Structure formats: C-alpha cells, structure tokens
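A.B. asks: The listed protein sequences derive, respectively, from chains A and B.
Heads up: the first sequence begins at 1 in my numbering, then just goes up one per residue.
Heads up: the second sequence begins at 1001 in my numbering, then just goes up one per residue.
No lab work stands behind these hints: they were computed from the structure.
Keep in mind that this is a model prediction, so the values were computed, not measured.
Be a bit skeptical, because a hint or two may be false.
[Stated by the list, open to error] Subject to a maximum C-alpha distance of 25 angstroms in a straight line, what follows is the list of computed BS3-like cross-link-like pairs (lysine-lysine): (1) A/Lys-142 x B/Lys-1106; (2) B/Lys-1022 x A/Lys-146; (3) B/Lys-1106 x A/Lys-156; (4) B/Lys-1022 x A/Lys-345; (5) A/Lys-203 x B/Lys-1209; (6) A/Lys-245 x B/Lys-1209; (7) B/Lys-1106 x A/Lys-146; (8) A/Lys-272 x A/Lys-64; (9) B/Lys-1106 x A/Lys-203; (10) B/Lys-1077 x A/Lys-331; (11) A/Lys-156 x B/Lys-1022; (12) B/Lys-1022 x A/Lys-331; (13) A/Lys-331 x A/Lys-67.
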Amino acid sequence: MTRFRSETAANLLAHALAILAFTFIAMIALGYGRPAHAATVTLLNASYDPTRELYQAVNVAFAKAWKAKTGDDVKVQQSHGGSGSQSRAVIDGLKADVVTLALAYDIDALAERGKALPADWQKRLPNNSTPYTSTIVFLVHKGNPKGIKDWSDIVKPGISVVTPNPKTSGGARWNYLAAWGYALHQNGGNEAKAREFVAALYKNAPVLDSGARGATNTFAQRGIGDVLLAWENEAYLTLKEFPGKFEIVTPSESILAEPPVALVDKVVDAKKTREVAEAYLQFLYTLEAQKIIADNFYRPRDEATAAAAKLPAIKLFTIDAELGGWTKVQKTHFADGGIFDEIYKP
Amino acid sequence: MGFTLLYLSVIVLLPLAGLVIKASDATWPQFVAAAVAPRALAAYRLSFGSALFAAAVNLVAGVLVAWVLVRYRFPFKRVIDGLVDLPFALPTAVAGIALATLYGPKGWIGQVLGVLGIKVAFTATGVTLALIFVGLPFVVRTVQPVLQDLDPELEDAAASLGATPIQTFTRVIAPAIMPAALTGFALAFARAVGEYGSVIFIAGNIPMKSEIAPLLIVIKLEQYDYTGAAVVGVVMLSASFLILLGINLLQRWARIRQGEKS
Chain A
1 MTRFRSETAA NLLAHALAIL AFTFIAMIAL GYGRPAHAAT VTLLNASYDP
51 TRELYQAVNV AFAKAWKAKT GDDVKVQQSH GGSGSQSRAV IDGLKADVVT
101 LALAYDIDAL AERGKALPAD WQKRLPNNST PYTSTIVFLV HKGNPKGIKD
151 WSDIVKPGIS VVTPNPKTSG GARWNYLAAW GYALHQNGGN EAKAREFVAA
201 LYKNAPVLDS GARGATNTFA QRGIGDVLLA WENEAYLTLK EFPGKFEIVT
251 PSESILAEPP VALVDKVVDA KKTREVAEAY LQFLYTLEAQ KIIADNFYRP
301 RDEATAAAAK LPAIKLFTID AELGGWTKVQ KTHFADGGIF DEIYKP
Chain B
1001 MGFTLLYLSV IVLLPLAGLV IKASDATWPQ FVAAAVAPRA LAAYRLSFGS
1051 ALFAAAVNLV AGVLVAWVLV RYRFPFKRVI DGLVDLPFAL PTAVAGIALA
1101 TLYGPKGWIG QVLGVLGIKV AFTATGVTLA LIFVGLPFVV RTVQPVLQDL
1151 DPELEDAAAS LGATPIQTFT RVIAPAIMPA ALTGFALAFA RAVGEYGSVI
1201 FIAGNIPMKS EIAPLLIVIK LEQYDYTGAA VVGVVMLSAS FLILLGINLL
1251 QRWARIRQGE KS
C-alpha cells in the first residue's frame, strides 16, 4: 500500500517535471531566452510616479543623440512607482542603472542600506544632482468657488483638502513641508504654531491616498475635495487632461522640490553600462533635454529655458537651508512617532 | 504524504519562516512596542473587526444566494450563477476604484446616502463594504454543492411530520450545511484580513480611523523599517491562525454533532 502511494507520488513528480521542461522549451522557442541584439544597450531608469511622460520624451531624444554620437542603439526602459518603493526595489535587487526619484532621502537610503552607490552621490552631478526642480501648487475647481488664494485659506474649517499620505508618498512629504515652511515664516519661526497649522491642514483631509497619482485621481476623477496639493507638473498635466474643469492657484510661497537623479554604481558595474548610463544622466542637463523638461512643466535648471517656459514666479525656500536637510526632516517629521504621527494622536 | 509535506514547506512554510526570522531581529521590548502601538492596535481592530463582520454578512447572504441558486428556476440563472465568481476574477484594484467611485460623495450611491447623512467611502463602513464584496463567492461556492446533494424530500418529510418551516431549517437544513458554511466563513474571513488592493481605495487611510493593518505594513516598509513591518505581519498571522483554528474546531464540533444525530 505504502509502496503504491510513493509510486504515484513519483509518477506525479515525473509529470510535473515533464510539464516544467515543456514550458521552458516553449518559452525558448517563443524567444524569451533569446539574447539581446549585440549592438543594443538596455538601460533601466527607476523613477517615481509623475515622471512617466517626461522620461518617455527624454528617452527617445537620448536614444537619437547616443546613436548619432556612438552609432549604438540604446533602449531606456522605465519603471515607475512610489519613490520609496522604487528605492526599496533597487535595494532588494531591481537592476536599475539609474534612479530618478522624488527626494534625496530615498537615494540616501540606497547608498546607506543598499551600498549601491557612494554616500556623496549628490555631489557627482551639477545642481545637487537635480537637473530639474518643481514645486507644490494648488489645483482648484474652475472659478475657484471657495476663493482659495494661499496656504492660510486651506486650513480654514469646512475646506476639504486632498493630499497623499506623507508616510508613503514622496510628493506628499513636499506638500507637508511646503505648508510647514509657510507656517514657520508666518509665525516668526514658532514651531508650536507651525505644528498647529499642519494639524489643521490634515484635519481637512478626508482621505490620504498612498501616492501622488492616486490623489490626483481622487480629486480630478472622483470629484472629492475643494483643493488638491500637487506637484506643479502634475497640476499642469491635469489641466491639459481635463480642459476647462480646473485652475491652478499659485500660493504666495512654496518649497523648492529637488527630485534628484543618480547612477547606481553596483548595477552599472555589473552590467558594464557605466558609460552610457553616465551619458544618459548628463544628457538631462543639455539644452535639448532642458527644453523637454520645460515642455513637461518641470522647472529646468537652464535659466534661458526656464525664462522661455513662463512658469509663474514664486517665492521658493529650500529644505537644506531652512529645514536642515532630508535626514533631519525625515526623523523629526515622518518617522514613527514624529510630528506627523502626533497630529493623529487621539 | 511526503510530496504534500515538501510542497507545503516550500510554498507556505518557507516564506512564513522568513517573516518570523525577520521579525526576530527586534529585541523583545522593540517587538512589543511595535506590536501594540496605539496606531497598530487601531489598525488591527479595523482589519479584524471589519473582516469578521464582512464574513458574517457573507455567511447569511451567501447561504441565501446558494439556496436560491440551487432550489429555484428562473431566467438567466446560469448567468447569475457565473456573476457570483466575478469578485474572484476582478483585479482587486479595479473593484476598489469602482466601489470608491460609486460610494464616494459624488458617486451614484454615495450622493443618495450623503443626503441621508451616511458616509461610506473613506470610513470603516467603506472598508467593510469592500470586504463583503471580495468575500461573497466563498460561502456561496462552499454551501452550493452541499445543498445540491441535500434531498428536497428531507424537507417534505420534516414538513409532513409537522415541522414548521423554521424548524425544518434549524433542525434539518442548518446542521447539514453548517460545516460547509463555516468553511466558507473561514475562507471569506481569511481573504478579508489580508485584503489590500480593493480596500486601499475606499478606506480613507487616516491613521487611527480608517487605516487597515496591511497599509501599516506598507507604511513601515516605505520607511525601510523591515523589522517593524515583519512584527505587524507576525501579529496578524498569529491572530488569523488562532481565529481560523477556532473556526476549524467549531466546524469539527458541528460535524460531530451532526454525526450523532443521523
């Protein structure tokens, strides 16, 4: 009896192996196992949520420029997601040649925890390794029915604010810090007052989406809230997608959001793609790429391109000069038990 | 037997062991602090509470649906029978977005409920609603075959012996379908506790109020706090295991009781 059972088990195993083998053969036959064409290099750019359209355009332009320069074909693949999860994916083994994330803290984590690039990575490229910047603005319904003009208007009782969760979204952290900085400036640097201000702001938030795109959808497609705190580029993209439904309100001041880019040394050395990956990041600083950046409503670093783009002038403060940099900000505000958690303490 | 053990080890036990090992990076005080933080407790309460409630609703509604599908003939019965499985097939994110759109303040149903002062989307009610949706097929599909095998003559016999319809249900039908219904309940509950995709869109994700435990895990991962995430994972796993074990025992008891009677 036992013998009979083990025989069936062996039989089953043999069947399973046969099916597995067949699957592999089929996959190879269908081309899954075929090596890449010799002259084509493939790069992977792990980026955050709202850069899809930007990098689609940049990648095409870079491939053309690289072909003209070296005669080689380069194909840049994109991967998008929350900035933190992308960084985690690379730490856990995603073979991204370059990362272009929402905030420096996530690349710091890659250096510190993943040992994937040197700790001073931000000094390797011009402008703190940020070839473009952005800021946080308000998106409101057409005609601005609630008369929202500045940060002080969105903490008023009865205003419903849509912003993602700063615990899971890089963009949301910029939103939070923009409000925090505004409150500090209004109250002569009084932190207790700033704390009250952001607490009032999050009291007005009926839902905290996990990412920036999710929040945009909640506001634009589900019609929830009076105001959306958004990346400037995301706000303009929404205007383009829903013509005549929304308008942008530029507050009196906001934060200079610097989404940095970096080469992932560990990956490019293993894949032997350092040269082309470096060229890809440097390409972002060229006039051609800066123009694409402006077309996608980011703020280019190149001054002439920025002037031509006509994004409204706005008083911007930086996280390094005013709030002590990302490591400190992360610890005081967003870590477990930080100021953001305090807001929700019962 | 050996094959089963090997298979279960590779597919189930190995990943779970990894989880426990990761969580054991924490010292005991750290473990306790992460496991019973007020915010974690609020999240467990919401996750387990709404999962149990949703499974209970599905138990009643599922038996009813199964009953109608087995005992009645009506047009488009096949189509409706097929509809029951849809919550299985639908990507959970699609379900979540659809529900949030319908029940949101500007949605078809949300608008009407809003007038009555009822808020569904972005509250615990919304979470429960999504869990009821994803859990529906379990009870229907476990109870249906048992009902099909249950001879209608049994009911007729009970009636002719003077049993009221209620007595027929509690004394004849309920004991027969109880073990299957409990299995369905356990499956619906288990699925609901771990559900992320469909809930995340309709829960408001406000800490202490509408934040589910799986989201808490994602939040901890987002801060590179792998250990803290694993701790919450281990707590959820242990609690689920205990509850499922309890349901299993209940089921055995129901089966034994039924055996004694027949």
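A.B. asks: Work down the list of hints and note, for each, if the structure agrees.
C.D. replies: Taking the hints in turn, this is what the structure says about them:
1. A/Lys-142 x B/Lys-1106: holds, 17 angstroms
2. B/Lys-1022 x A/Lys-146: violated, 50 angstroms
3. B/Lys-1106 x A/Lys-156: The hint holds at about 22 angstroms.
4. B/Lys-1022 x A/Lys-345: violated, 28 angstroms
5. A/Lys-203 x B/Lys-1209: With a Cα-Cα distance of about 12 angstroms, the restraint between A/Lys-203 and B/Lys-1209 holds, given a limit of 25 angstroms.
6. A/Lys-245 x B/Lys-1209: violated, 32 angstroms
7. B/Lys-1106 x A/Lys-146: holds, 18 angstroms
8. A/Lys-272 x A/Lys-64: holds, 21 angstroms
9. B/Lys-1106 x A/Lys-203: holds, 21 angstroms
10. B/Lys-1077 x A/Lys-331: violated, 59 angstroms
11. A/Lys-156 x B/Lys-1022: Violated, at about 45 angstroms.
12. B/Lys-1022 x A/Lys-331: holds, 23 angstroms
13. A/Lys-331 x A/Lys-67: violated, 45 angstroms
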